[in-house]
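Protein chains in written order, with the numbering used here: chain Y, 821 to 942; chain F, 11 to 146; chain E, 224 to 374.
These are computed hints drawn from the structure, not numbers from a lab.
Hints may be right or wrong, so weigh each one.
[What the hints assert, rightly or not] Taking lysine-lysine and the BS3-like style, the derived pairs with C-alpha atoms no more than 25 angstroms apart in a straight line are:
| no. | chain 1 | residue 1 | chain 2 | residue 2 |
| --- | --- | --- | --- | --- |
| 1 | E | K242 | Y | K880 |
| 2 | Y | K861 | E | K242 |
| 3 | Y | K900 | Y | K861 |
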Amino acid sequence: MTAPEGGQTGGPVREIQDADGTTLVKLHGDIDLYCSPEVRKALLEATQSRPATLAIDLSKVPHMDSSGVATLVEALQRVKRYKGRMALVAMQERVRNVFEIARLTDLFEIRDTLAEVQSRGG
Amino acid sequence: MSWSGYRSVLTTAIAAAMLAGCGRQVAEVEYQQRIQDPQAAERVRAIVEALERDDRSALPLIVDRLDDEDAAVRLAAVSALREMTGQDFGYQPYGPLHERVEAVERWRTWLKENRISGSKTRPKPAGPPVTTGGSE
Amino acid sequence: MSIRTESKVIRMRIASDPKQICVVRAAAEAFASREGFTGQQVGQIGLALNEALANVIEHGYEGSTEQRIDVSMEMVVLDARRALRLVVRDFGRQVDPSAIKGRDLDDVRPGGLGVHLIRAAMAQVTYRRHEQGGMEMTMVKFLDEGQGSES
Chain Y
821 MTAPEGGQTG GPVREIQDAD GTTLVKLHGD IDLYCSPEVR KALLEATQSR
871 PATLAIDLSK VPHMDSSGVA TLVEALQRVK RYKGRMALVA MQERVRNVFE
921 IARLTDLFEI RDTLAEVQSR GG
Chain F
11 MSWSGYRSVL TTAIAAAMLA GCGRQVAEVE YQQRIQDPQA AERVRAIVEA
61 LERDDRSALP LIVDRLDDED AAVRLAAVSA LREMTGQDFG YQPYGPLHER
111 VEAVERWRTW LKENRISGSK TRPKPAGPPV TTGGSE
Chain E
224 MSIRTESKVI RMRIASDPKQ ICVVRAAAEA FASREGFTGQ QVGQIGLALN
274 EALANVIEHG YEGSTEQRID VSMEMVVLDA RRALRLVVRD FGRQVDPSAI
324 KGRDLDDVRP GGLGVHLIRA AMAQVTYRRH EQGGMEMTMV KFLDEGQGSE
374 S
């Protein structure tokens, strides 16, 4: 289990920013069956305003299990419903490995940086 | 172009159009079949595709996936149903089994009341039937 | 097949509460790391154990959070290769062999994402019905797997 940064005891969703039609959600720590309910709620809230682009920063997520992947699929479905765009950004290798093994990599737009997401605007 | 040449082109064009129509039907059956694929990842993909197509004929198949042995598939299923119908009947994909069973019954009742019975060409499962409620 | 156990065994008993999964996973990852597994391997071990425990809670105990799960982890030498052996023991529903219809016990859930992840991460995965009730799942990862190609 990854300790929160700086000794903080915050949850897995640390920041939601909105700018120029892009909503950025930053996730922290392990995304698993225990943490995922909070992540689900946060993603639900982020999609309610129907941002043109929803970017999910995973740079601080060292571990994700199948329930975390499922949560992201759910968010993807919400975004696809209103013809929006969703991108996963800065995935760590371990997490990327989970998506690859689960064979769901091609379901998502995966980018190394937020700048890439914005430069390839949908 | 001679009349026979014109007829040849016309016949080819009609055949292509018919094939295109058949192709669409085949594609629909194919993707709906994948909703019952032995692999969970394929079932998830196909459910996402049903949502993108806004294919209400796939609703019964997606409701079936609420009983899926895989929680990720169940979540994808209820998420698609929620987006397509505006409701979820309180179904929790990670909730206790008995609660899920009750919610699935509400979904099946809703399908009956709304007379949604799926496409006329109901696909056969792509592989071995997916067991539900299997224990280890 | 020859197997020899080393002296270090860690045993944990937890409740079937999803909150405890990350504690067990952290312990397994720390243990694996100390035994020389690479970062990638440690991640795979943690993922497999995570999924195995989630499976037990969901399927073995139907979501109940107050049931017992025993986990043990130890290094063994299997056919002259050092390996981590993880055993997850639950006391919940047993699989009825007649319902499996000819499939192996370790194939009870071939299409689930979780089991797929476990199989991809671990070299050997076996299930057995425990004679005293419940199920026992054993996962093995060899220390020398993929050595030389990982960071």
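Status of each hint after checking the structure:
no. : hint              : result
1   : K242(E) / K880(Y) : holds, 20 angstroms
2   : K861(Y) / K242(E) : holds, 18 angstroms
3   : K900(Y) / K861(Y) : holds, 18 angstroms
Comparing the model with each earlier hint shows no violations; every hint is respected.
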